[in-house]
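197 is the number of the first residue of the sequence shown in the working numbering; add one for each residue after it.
No wet-lab data here; the hints were simulated from the structure.
Certain hints may be false.
Unchecked claim - For lysine-lysine, the following BS3-like pairs were computed, each having C-alpha atoms within a straight-line distance of at most 30 Å:
1. Lys-386 with Lys-222
2. Lys-386 with Lys-359
3. Lys-253 with Lys-219
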Amino acid sequence: MKKILLSFVFALNLLYGVNLNFKEYKTPIIDVEDDGTATIVDAPDIVVGSSGVVVHKFSSNDSSIIARVSVLEKNKGFAKIRFEVFDSLEQKALPLPGIAPKSGDYVILNFLYSRAVIVVPNKEIFDEITNAFSGITFIHPDIVGAYLSYEYKPNPSRDDFRKMCSKSAAGLIFIAMNNRGVFADCQSFKVIKEFQTGEVEYYQLPFYTRVRDIDTIFFKLDSAHINNYDAHYERLLEE
Numbered sequence: 197m198k199k200i201l202l203s204f205v206f207a208l209n210l211l212y213g214v215n216l217n218f219k220e221y222k223t224p225i226i227d228v229e230d231d232g233t234a235t236i237v238d239a240p241d242i243v244v245g246s247s248g249v250v251v252h253k254f255s256s257n258d259s260s261i262i263a264r265v266s267v268l269e270k271n272k273g274f275a276k277i278r279f280e281v282f283d284s285l286e287q288k289a290l291p292l293p294g295i296a297p298k299s300g301d302y303v304i305l306n307f308l309y310s311r312a313v314i315v316v317p318n319k320e321i322f323d324e325i326t327n328a329f330s331g332i333t334f335i336h337p338d339i340v341g342a343y344l345s346y347e348y349k350p351n352p353s354r355d356d357f358r359k360m361c362s363k364s365a366a367g368l369i370f371i372a373m374n375n376r377g378v379f380a381d382c383q384s385f386k387v388i389k390e391f392q393t394g395e396v397e398y399y400q401l402p403f404y405t406r407v408r409d410i411d412t413i414f415f416k417l418d419s420a421h422i423n424n425y426d427a428h429y430e431r432l433l434e435e
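With the hints as constraints, model all of the structure from the sequences given.
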């Protein structure tokens, strides 16, 4: 098993070394279209599928996040973004901002990309990944495991991970699979970084966590156990 784990990490370090930083990119909106999209200036730090937020300035001292954005495409020095509802800071006592993004508002892409939910098949790979990417703050899988246990969800969905990303202020999810590892955007599940790794020796389902009682319950029809770790997470990335 040690030989297989070393090959997993060797491929990881060979491609990216021990530091992988996703830099925030701040830029103003150039123009807004009627279909809910807009144009910004492109940059090397922008990746198709990445996400961010729109910040509206009310005065010289006051500004607020009013929307989420995702990057649709890059072309000839510009990037096209799509507006979405930003509900990560939603509070029932307060209404969501009723302001539409406009030219002059600015976008922050790669928002919260310094924090990631982590999904790995065993503790050894968990230790290797968290040590390799020292620039990323990983949300411990026990937090996600406790949520799934409470919800009787041994087969986590995209929405489950989105909720945990929002609650943990994380912008990315890292998923390790057999021969493959990816950083994906927490909301869109679009792959931002991908690399080849070694083989996985053994799996804990639904992923590595010290929470041992993630069980199903008879009246939840969508709470069946996972039988194939790789197939489940490949499907989440491809939906």
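Status of each hint after checking the structure:
{"no.": "1", "hint": "Lys-386 with Lys-222", "verdict": "holds (20 Å)"}
{"no.": "2", "hint": "Lys-386 with Lys-359", "verdict": "holds (16 Å)"}
{"no.": "3", "hint": "Lys-253 with Lys-219", "verdict": "holds (22 Å)"}
When held up to the earlier numbered hints, the structure conflicts with none and fits them all.
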